[in-house]
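Asker: Here is what each chain is made of, one letter per residue.
Protein chains: 2
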Amino acid sequence: MAEDVVTTPEAEETEESRDPYDRLVVRAGLADYSPVRGCMVIREYGYAVWELIQNWIDGELKATGHKNAYFPIFIPLSFIAKEAEHVEGFAPQLAVVTHGGGEELTEPLVVRPTSETIIYDMYRKWIQSYRDLPLLLNQWANVVRWEIRTRPFLRTMEFLWQEGHTAHASAAEADAEARLILDLYIRFIEGELAIPVMSGRKSESEKFAGADITYTMEAMMQDGKALQMGTSHNLGQNFGRAFDVWFLDRDGERKNPWSTSWAVTTRLIGAIVLVHGDAKGLILPPRIAPIQAVIVPIWRDDEQRAAVETYVAGIAADLAAGGIRVEIDDRDTVRPGFKFNEWELKGVPLRLEVGPRDVEAGQAVAARRDTGTKESTPRSELVARSGALLEEIQQQLYARALTFLHENTHEAGSLEDLARGLEEQRGFYRVNWCEGQGCERAFAREKATVRVIPFGEESEPNGPCIVCGEPARARVVVARSY
Amino acid sequence: MAEDVVTTPEAEETEESRDPYDRLVVRAGLADYSPVRGCMVIREYGYAVWELIQNWIDGELKATGHKNAYFPIFIPLSFIAKEAEHVEGFAPQLAVVTHGGGEELTEPLVVRPTSETIIYDMYRKWIQSYRDLPLLLNQWANVVRWEIRTRPFLRTMEFLWQEGHTAHASAAEADAEARLILDLYIRFIEGELAIPVMSGRKSESEKFAGADITYTMEAMMQDGKALQMGTSHNLGQNFGRAFDVWFLDRDGERKNPWSTSWAVTTRLIGAIVLVHGDAKGLILPPRIAPIQAVIVPIWRDDEQRAAVETYVAGIAADLAAGGIRVEIDDRDTVRPGFKFNEWELKGVPLRLEVGPRDVEAGQAVAARRDTGTKESTPRSELVARSGALLEEIQQQLYARALTFLHENTHEAGSLEDLARGLEEQRGFYRVNWCEGQGCERAFAREKATVRVIPFGEESEPNGPCIVCGEPARARVVVARSY
Chain G
656 MAEDVVTTPE AEETEESRDP YDRLVVRAGL ADYSPVRGCM VIREYGYAVW ELIQNWIDGE
716 LKATGHKNAY FPIFIPLSFI AKEAEHVEGF APQLAVVTHG GGEELTEPLV VRPTSETIIY
776 DMYRKWIQSY RDLPLLLNQW ANVVRWEIRT RPFLRTMEFL WQEGHTAHAS AAEADAEARL
836 ILDLYIRFIE GELAIPVMSG RKSESEKFAG ADITYTMEAM MQDGKALQMG TSHNLGQNFG
896 RAFDVWFLDR DGERKNPWST SWAVTTRLIG AIVLVHGDAK GLILPPRIAP IQAVIVPIWR
956 DDEQRAAVET YVAGIAADLA AGGIRVEIDD RDTVRPGFKF NEWELKGVPL RLEVGPRDVE
1016 AGQAVAARRD TGTKESTPRS ELVARSGALL EEIQQQLYAR ALTFLHENTH EAGSLEDLAR
1076 GLEEQRGFYR VNWCEGQGCE RAFAREKATV RVIPFGEESE PNGPCIVCGE PARARVVVAR
1136 SY
Chain D
656 MAEDVVTTPE AEETEESRDP YDRLVVRAGL ADYSPVRGCM VIREYGYAVW ELIQNWIDGE
716 LKATGHKNAY FPIFIPLSFI AKEAEHVEGF APQLAVVTHG GGEELTEPLV VRPTSETIIY
776 DMYRKWIQSY RDLPLLLNQW ANVVRWEIRT RPFLRTMEFL WQEGHTAHAS AAEADAEARL
836 ILDLYIRFIE GELAIPVMSG RKSESEKFAG ADITYTMEAM MQDGKALQMG TSHNLGQNFG
896 RAFDVWFLDR DGERKNPWST SWAVTTRLIG AIVLVHGDAK GLILPPRIAP IQAVIVPIWR
956 DDEQRAAVET YVAGIAADLA AGGIRVEIDD RDTVRPGFKF NEWELKGVPL RLEVGPRDVE
1016 AGQAVAARRD TGTKESTPRS ELVARSGALL EEIQQQLYAR ALTFLHENTH EAGSLEDLAR
1076 GLEEQRGFYR VNWCEGQGCE RAFAREKATV RVIPFGEESE PNGPCIVCGE PARARVVVAR
1136 SY
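Listed in order, the protein sequences are those of chains G and D.
Taking the working numbering, the leading residue of the first sequence gets 656, the next gets one more, and so forth.
Taking the working numbering, the leading residue of the second sequence gets 656, the next gets one more, and so forth.
Fair warning: there could be bad hints in the mix.
What the hints assert, rightly or not - Below 35 Å or equal to it, Euclidean Cα-Cα: the simulated DSBU-like pairs (lysine-lysine) are:
hint, chain 1, residue 1, chain 2, residue 2
1, G, 880, D, 780
2, D, 722, G, 1029
3, D, 1029, G, 722
4, D, 862, D, 1102
5, G, 862, G, 737
6, G, 722, D, 880
7, D, 717, G, 935
8, D, 862, D, 717
9, G, 910, G, 780
10, G, 737, G, 717
11, G, 780, D, 935
These are calculated hints, taken from the structure and not from any lab test.
These figures come from a predicted structure and were not determined experimentally.
One chain only, chain G, in its complex shape (with noise of 0.2 Å):
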């Protein structure tokens, strides 16, 4: 059957008819819908949170020594064929060119679901020694999976990643790099994004196709969904060994590199909303908010007006100084009322409101949006407090979700227990399971999938598998997912 492409008017979905989710994205001003099925338009206030994730994934990518480069978004349909795991993984969703110039093409170009095969034959002519390893390379990129069921950032035809591609003289240093990213990560994701994961790897049937171990990250959404948050990846000798990639070694023999991939993707934007937003709309956490504080004047008259918009001006400035990011909310089209409810929408963690008695008593009002607390503060420590509070709401932010995670993952003793809990109750279960691939089928045939596979002891089993009975090999989080 042919494949519908494009979004008709009469075909789109009316606003009323998507879910909770999809319509906050669009209300807040982080996405819309476009002409093209499943792919989805950033908007500025999206891109923005996009730029802050970028800017600091970058930042710690090249504080532990690696480069950007960029590499073609098409690849030859045949190098997809030569990793035999990958094409299996990835030929239901590739999006193929087949037209060039007005010509057919004699051998179809594919738009890069990832960019492994490409890069593994540009190292063919990069690596030749030990010399030239490690090679830690990461790209900013778009990459194309065709996909049935589309929703903005969780999953969209088109997304925005960054990429890391490295190669190493041994296995050991190979799992070390999949393991630093995977750390960095962490870091990122709880210290950043204020949300809680359980990190471990993958199970061999959920793991990325063409990799010995996939790490992986998730997180706990409000239904109790499990996201898959990024994944960092031992690709073993698979890559290089696929595409004839060699170096001569310290101890005079010719080896195939051991090498990683990992990525993280705009997805990030989808579980920020997910995660913490409430019935008002958005919660960003203050070290990702484009807008950190919002200030709305108030006023009657012209010259209530002039007093406050100079009162606002002179704070505006200070907090800028203090390095917070600050906007004044100044339209004369809409009253304060409306731009409370527009910026709560939209999820900026602090609102300062100055009327003409703040500017009197020279003072501001500080509205946290996590708890809706207010509380006035003197001018002279308006700086000082804000930062206090912002960093106060990240913590706050981290601490709830946190807590929800804890309180939603449960044990299932028996696959009985699993299916009810699953159906009664959201969240994580942990069972054992003796990780046969059979026994893996049982959690598929409750909607549900092996989440992660914890590090150390965490995974230890502490009873037979919950569906064959036979002796448990771990301890795994099982759940429905994203």
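With chain G's structure known, arrange chain D on it following the hints.
Answerer: Below, chain D alone, put in the same frame as chain G:
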């Protein structure tokens, strides 16, 4: 005829067969040829230059009220056809996706060659009132134009760029925006890239497909050919009308917005190579050099090495603290002479040589890449002197390029003069022209084009059209170009 897209080892040009520019770009580590015909890989060093370009442009765009967003890479083929001139201009250059997820698509999608069409489809939703204007958006993205003859950076099938797309409530405001951006680009190209440009507007036949006016900047390469450095288009109401975008103006009337679009691309990196390079390799203007100063330690034995390396680490820390992008080349696998050549090839503006005698004397030897001159500088003055030298190099590169531009810009009083001049003397030719397309074709027969119609009195004719002898409408710049 079907078109080959994949470069096989046999089909790939050998390094020797490429011209000096192509070889230099690869040898200096800016880019490499990819297996996909016409697509390059931007390597770490080239991408670092691009990041410096991005930082400056992005900062200035934000300072002038523009915001970044991101629009889909795929555009329904039918969209391209909505603006009549636009489809004529871009149809031959399209890469077309006909299959996705294993199915044939009902309507092919093109990979964006530029984004006006999909952006104006969104602007129809977002623009309702004069209050929604001006809308000042920009995106950093990859675009694809199917090109037959490609060269790294100068003309590639896929390239990176920023594309600005703004909408305004009046014709005057849109034109002011297009000029504002042109001025911003000129400040960047002359000030940071040290490349003088001639600016003005394009002729009717050379302007962007769908624009009322295309403003351009043209630079002269060392072979006398012109390179278009970037363009800023006043699109009039063409796209607003074609995409049915309407706003209610202050005067109560419904109108199509006036709009602009503008871009600079990774081509700028090619311009840096072609304008400043010499027989030894690149010369990077300091403000855009990823490494502004490289320190080469020189020693013969371990004792000397220890002393030199300690000394050099201190210098590097001082320079970095002084805001200079510095690197130490501490490889022990190659000799200093090899390093000198390599860093000259890569165009690092300043080299600091430090041997045991320099350590004793408390100094370093500073070698300029542009002039080759060397001087000993006391360590206590090294940061200040390095900063001053980098500034001198920046100015000197610009002055040299400006002199070259002036010396190679000629007058041509007749078509014969122009034809002889283009054959015998490289450079730009100022000619009087009636602005008729018939006469423009006479330039084309000399393999030249009207590069720019300068602003103001610079384009006032001082004689009849050199082709038809009728009264000239402008004195324009004609040249061969990349």
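Asker: Are the hints correct? Go through all of them and say.
Answerer: Hint-by-hint comparison with the structure:
1. G/880 / D/780: Holds: residue 880 of chain G and residue 780 of chain D sit about 33 Å apart, inside 35 Å.
2. D/722 / G/1029: Given that 35 Å is the threshold and the Cα spacing comes to 31 Å, the pair holds.
3. D/1029 / G/722: 31 Å, holds
4. D/862 / D/1102: 18 Å, holds
5. G/862 / G/737: 18 Å, holds
6. G/722 / D/880: Satisfied, since the Cα-Cα distance of roughly 34 Å is no more than 35 Å.
7. D/717 / G/935: 30 Å, holds
8. D/862 / D/717: It holds: about 27 Å lies between the C-alpha atoms, which stays within 35 Å.
9. G/910 / G/780: The hint holds at about 15 Å.
10. G/737 / G/717: 31 Å, holds
11. G/780 / D/935: Given that 35 Å is the threshold and the Cα spacing comes to 24 Å, the pair holds.
Of the numbered hints stated above, none is contradicted by the structure.
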